[in-house]
Amino acid sequence: MADEPDLATDRRLALDPTVLAGLDALPSGIAIWRPDRRLAYANETLRRTLGITPTAGELFEDFMGRLAHSREVVLADPDLWVREEIADFGIEKSADYILAAGLVMNVTQRPTRDGGLSATYSDVTAMKRNEQALREAKEAAEATDEAKSRFLRAANHDLRQPLASLKILIYSCIREADQDARAEMLHAMSVAALIMEDLLGALLQIGQLDAGRIKPRITSFQLSQLFERLDIPFRHQAEEKGLRLRFVTPRDTIATDRALLERILSNFVANAIRFTDVGGVLIGCRKEGKLLRIEVVDTGRGIKDADRERVFDEFYRVTDERRGEKTGLGLGLNIVKRLADLLELRVRLRSRPGHGSIFSVTVPFGNIWHSEGGDAEISEAVAGEFVGVPVLLVEDDDILRRSMTQLLQRWGIEVHAAATEDEALRLARGGTRVRLIVADYNLTSRTGVEVVRELRKAFGAETPAFIVTADAEPKVLEGIREAGLPVLIKPASPPRLRVLMHNLLFEPGQVRRPD
Amino acid sequence: MSVELPPIPIGSMIPLTGPSAADGAEFRNGMILAVEELNAQGGLLGRKFQPIFVDTCRQTAEEVVGAARMLIEKHRVHAIICGYNIGPQNSEYEPIADAGIIYVHANTLLQHHDTVMSDPERYFGCFMADPADYWYGPGFIKFISWLRDTGQWTPSSDRLAIIAGSKPYSIVIAQSMAAAAADYGWRLCFGPKIVQTPTTQWREIIEEVRATNPAVVANTHFYAGDLAYFQRQFMDNPIDCLVYLQYGAMHRTFADIAQEASVGIIVSSVIGLLRDEVGKSFEARYNARFGEGASATIGCQSYSNMHHYAVAAAMAGGSGAPGHFEQNRKVARALKGMIYRSVHGTIRYHPDWQAAVPYPVVTHDPSLGMPHIFYQIHDHRKPLSMIAPEPYNTERFILPPWMSRRGGVPRPAAVSSPRPGRPTDRM
Numbered sequence: 132m133a134d135e136p137d138l139a140t141d142r143r144l145a146l147d148p149t150v151l152a153g154l155d156a157l158p159s160g161i162a163i164w165r166p167d168r169r170l171a172y173a174n175e176t177l178r179r180t181l182g183i184t185p186t187a188g189e190l191f192e193d194f195m196g197r198l199a200h201s202r203e204v205v206l207a208d209p210d211l212w213v214r215e216e217i218a219d220f221g222i223e224k225s226a227d228y229i230l231a232a233g234l235v236m237n238v239t240q241r242p243t244r245d246g247g248l249s250a251t252y253s254d255v256t257a258m259k260r261n262e263q264a265l266r267e268a269k270e271a272a273e274a275t276d277e278a279k280s281r282f283l284r285a286a287n288h289d290l291r292q293p294l295a296s297l298k299i300l301i302y303s304c305i306r307e308a309d310q311d312a313r314a315e316m317l318h319a320m321s322v323a324a325l326i327m328e329d330l331l332g333a334l335l336q337i338g339q340l341d342a343g344r345i346k347p348r349i350t351s352f353q354l355s356q357l358f359e360r361l362d363i364p365f366r367h368q369a370e371e372k373g374l375r376l377r378f379v380t381p382r383d384t385i386a387t388d389r390a391l392l393e394r395i396l397s398n399f400v401a402n403a404i405r406f407t408d409v410g411g412v413l414i415g416c417r418k419e420g421k422l423l424r425i426e427v428v429d430t431g432r433g434i435k436d437a438d439r440e441r442v443f444d445e446f447y448r449v450t451d452e453r454r455g456e457k458t459g460l461g462l463g464l465n466i467v468k469r470l471a472d473l474l475e476l477r478v479r480l481r482s483r484p485g486h487g488s489i490f491s492v493t494v495p496f497g498n499i500w501h502s503e504g505g506d507a508e509i510s511e512a513v514a515g516e517f518v519g520v521p522v523l524l525v526e527d528d529d530i531l532r533r534s535m536t537q538l539l540q541r542w543g544i545e546v547h548a549a550a551t552e553d554e555a556l557r558l559a560r561g562g563t564r565v566r567l568i569v570a571d572y573n574l575t576s577r578t579g580v581e582v583v584r585e586l587r588k589a590f591g592a593e594t595p596a597f598i599v600t601a602d603a604e605p606k607v608l609e610g611i612r613e614a615g616l617p618v619l620i621k622p623a624s625p626p627r628l629r630v631l632m633h634n635l636l637f638e639p640g641q642v643r644r645p646d
Numbered sequence: 157m158s159v160e161l162p163p164i165p166i167g168s169m170i171p172l173t174g175p176s177a178a179d180g181a182e183f184r185n186g187m188i189l190a191v192e193e194l195n196a197q198g199g200l201l202g203r204k205f206q207p208i209f210v211d212t213c214r215q216t217a218e219e220v221v222g223a224a225r226m227l228i229e230k231h232r233v234h235a236i237i238c239g240y241n242i243g244p245q246n247s248e249y250e251p252i253a254d255a256g257i258i259y260v261h262a263n264t265l266l267q268h269h270d271t272v273m274s275d276p277e278r279y280f281g282c283f284m285a286d287p288a289d290y291w292y293g294p295g296f297i298k299f300i301s302w303l304r305d306t307g308q309w310t311p312s313s314d315r316l317a318i319i320a321g322s323k324p325y326s327i328v329i330a331q332s333m334a335a336a337a338a339d340y341g342w343r344l345c346f347g348p349k350i351v352q353t354p355t356t357q358w359r360e361i362i363e364e365v366r367a368t369n370p371a372v373v374a375n376t377h378f379y380a381g382d383l384a385y386f387q388r389q390f391m392d393n394p395i396d397c398l399v400y401l402q403y404g405a406m407h408r409t410f411a412d413i414a415q416e417a418s419v420g421i422i423v424s425s426v427i428g429l430l431r432d433e434v435g436k437s438f439e440a441r442y443n444a445r446f447g448e449g450a451s452a453t454i455g456c457q458s459y460s461n462m463h464h465y466a467v468a469a470a471m472a473g474g475s476g477a478p479g480h481f482e483q484n485r486k487v488a489r490a491l492k493g494m495i496y497r498s499v500h501g502t503i504r505y506h507p508d509w510q511a512a513v514p515y516p517v518v519t520h521d522p523s524l525g526m527p528h529i530f531y532q533i534h535d536h537r538k539p540l541s542m543i544a545p546e547p548y549n550t551e552r553f554i555l556p557p558w559m560s561r562r563g564g565v566p567r568p569a570a571v572s573s574p575r576p577g578r579p580t581d582r583m
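Chains as they are written, first to last, in our numbering: chain A, 132 to 646; chain B, 157 to 583.
In case anyone wonders, no lab produced these hints; they're calculated from the structure.
One or more of the hints may lead you astray.
Claimed, not checked - Computed beta-carbon distance windows for the label pairs: (1) B/THR409 <-> A/ARG612: 35 to 43 Å; (2) A/PRO364 <-> B/SER313: 25 to 33 Å; (3) A/ASP528 <-> B/GLY479: 31 to 39 Å; (4) A/GLY562 <-> B/THR356: 39 to 47 Å; (5) A/ALA324 <-> B/THR368: 51 to 59 Å.
Claimed, not checked - Within a straight-line C-alpha distance of at most 25 Å, the following computed DMTMM-like cross-link-like pairs (lysine to aspartate or glutamate) qualify: (6) B/LYS349 <-> A/GLU593; (7) B/LYS349 <-> A/GLU545; (8) A/LYS298 <-> A/ASP311; (9) A/LYS259 <-> A/GLU273; (10) A/LYS621 <-> B/ASP270; (11) A/LYS588 <-> A/ASP553; (12) B/LYS349 <-> A/GLU638; (13) A/LYS468 <-> A/GLU426; (14) B/LYS486 <-> B/GLU250; (15) A/LYS621 <-> B/GLU250; (16) A/LYS421 <-> B/GLU546; (17) A/LYS621 <-> B/ASP254; (18) B/LYS492 <-> B/ASP508.
The C-beta atom is built at its ideal place from N, Cα and C for all residues, glycine as well.
All chains, please: the whole structure from these sequences, using the hints.
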């Protein structure tokens, strides 16, 4: 290329070094083409941005051809693009291109006054990303806004209904003289208030979900524990409607958010009970490959095909054909859908109108070793050796009786405390059964030894027993020994008390007689 | 010329005679090896440790409290470091709390939690370096459920029989097993029935258990000899079920008495020497010092407790004699704040319980808890096989020889195929 002028030499000849250095430091690439379409100047930034180096005096057509086939710029049809660029020489225009590296480059060209062309090549990636993010955010906001408006309109409607009834009822109630009619109205008012409370509770849940305030905490746990919890609130509801409610207890460990899954299942079960008049509700599981499908099966009214998709929409309620009225808030299944989306769980519905429905949620299995039990708060009160052992304590001193009761309860013992012999006997004759008797020696009426004897008669068994006494007189201790009862001198240290109780209950052969 | 500082007296209450004398000898060995290693490295900030051993014989409250008093009053020990003593029911905590010294043991008792939490200020120095007995229960239930759910074993039913020894430890474990069973799909078909122990007569209760046709039988009594007789009597006419025997079946004595009848039984420990590089290196040092007959898996308990204490005392800037509450509180804080990887896994004290946290039943991170290790006897002449939990296991479960191979096709249990429809990769 000996006949072509050297660009650098040219620059040195034509321009001040400071100006050249300044042009090289600009963040955008610059290229200037002469009227004869040969490159007059290109700065350092252009070389770095494009990855191909323009040579001084290179023809515009040649450079565009090299650029198009360099694969540095993503072009649908490189040859077509080159033809268009050549045709557009000297025309003012601007376009964005995506570079192979993922950057977005803006190319803006303007004609020069002598018939040549000047072009800038600018990295606009960050700007474009911001623009896109803004656009997406705007679209999302508009969508949410629309959903919110729809939601609020529906919520407003549903809140107004009970509110309107409440107003009418209050008005009528003020004027009503008849007591029975007033009571009936008050009952209706409490129902209206309950509906509003439920609705507001559901709205709050949805609000929290929408605001992203609910963060799932995925853990491994036993599904059986969840079933046990669900059984408590729904057992009564089902019985009131004369429905059978059955949980088929699973043994599986699953991994999801325990509290949120409980809300999903609660909604399923509540709906099943609400929409079932005859038969029952069954909650069970089926394995589905590596997942577990939890199903709530009812023998209720079922859901028509047309409604199947919409039942998960907010405020959508299936009209009860027989009664021509809507029941429920129409939010439960919408909450389920939102929770399931949050937890990435699949929720399904199968139904046959008139026969019943199966709502299900599919969850992944958990790691059994990591399964969380209710273990964190273990203590002797819930897990010690004496847990649930019934003990009769006879002590006439109020303070001692109370402190001894507290100590024994800390060990999980079921304490039946009596202040007097009569009280103790009443307990014994009233059907209280104990495995151990602890009696004070100096009781108001008689000695503890005698009281133990009477109690054993009442129980009709040689119930293990021991005496506690503040009286360390040898004569007293001898009397207790003769009765064959072990004794502890007050104040009895907890470890000694524990050892004696253990031996009496579990290792009678180890009990040492007082001597 | 440097003046040698007086040694730091460290007490150790150990059953050197009586029914646990074999373990006691190992606890003593562990202390000796730890102190020798520590002293060879300069002791505690230039002062050597001096161990003082007191025999706790049958480990009754009187014997253990007496030992603690003697160590504090006569020897002015800065700490009492032990293996375990069964029986004092925490009564030894009183003289120790009065003196304000450090006490580290492996008594494996739930009541430690209650005692410490009842007055954390008073019992600041009392540490249990292994998890409480309670954790055996849920740990065992998870273990058998894991065998079942991963298809390593197909139980004949969901029936579980529990026989309990009459010591508090055995009762607590039996009850916690029973409490956890239902959540994992097990139904209690027998017990927990408390048997008066010690005993070598098990035939009657084995027959009672047989009548309930269980898929698993667990015996929570823990004396090696008694358990060996249980297993021999069981094997006279075995029931088609898994057999789990508490702690004592880990001992050499068990296999020596039970011989071939021992093959296939499961045993576990919430504290046991690991078979990794760290554990093997310790075992080699231990055997080199005390002979091949020594049992490093028992001796490691007092060994680790002593090392851990020494590190904590160094961090605290020194140990404290009886009455030096301030200094000992610093040592206690260091013990509580440190995650210490011993030769038998991690000792990390729970901030409230001051007891080691078990893995995997409480913490799911093996670096933060002491492994509850499950063993199976594969060959009665060889060391037990460590079959769970990951990442510490070195072998796999095999179907015990007395059990039928359901499905009619004999297959090695360790590579058993999962039941249809059950996932096999839940670990």
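Comparing the hints with the structure gives:
1. B/THR409 <-> A/ARG612: 35 to 43 Å: For A/ARG612 against B/THR409, whose Cβ atoms are near 40 Å apart, the range 35 to 43 Å holds.
2. A/PRO364 <-> B/SER313: 25 to 33 Å: 32 Å, holds
3. A/ASP528 <-> B/GLY479: 31 to 39 Å: 36 Å, holds
4. A/GLY562 <-> B/THR356: 39 to 47 Å: Holds, since A/GLY562 and B/THR356 (Cβ atoms, about 41 Å apart) stay within the stated range.
5. A/ALA324 <-> B/THR368: 51 to 59 Å: Cβ of A/ALA324 to Cβ of B/THR368: about 55 Å, so the range 51 to 59 Å holds.
6. B/LYS349 <-> A/GLU593: Judged against 25 Å, a Cα distance of about 21 Å means the pair holds.
7. B/LYS349 <-> A/GLU545: Holds, at roughly 20 Å.
8. A/LYS298 <-> A/ASP311: 19 Å, holds
9. A/LYS259 <-> A/GLU273: 21 Å, holds
10. A/LYS621 <-> B/ASP270: 22 Å, holds
11. A/LYS588 <-> A/ASP553: 14 Å, holds
12. B/LYS349 <-> A/GLU638: 13 Å, holds
13. A/LYS468 <-> A/GLU426: Holds. A/LYS468 to A/GLU426 sits at ~15 Å (cutoff 25 Å).
14. B/LYS486 <-> B/GLU250: 20 Å, holds
15. A/LYS621 <-> B/GLU250: Status holds; Cα separation ~17 Å.
16. A/LYS421 <-> B/GLU546: 21 Å, holds
17. A/LYS621 <-> B/ASP254: Holds, at about 21 Å.
18. B/LYS492 <-> B/ASP508: This hinted pair holds, its Cα atoms lying about 10 Å apart.
The structure shown violates none of the earlier numbered hints.
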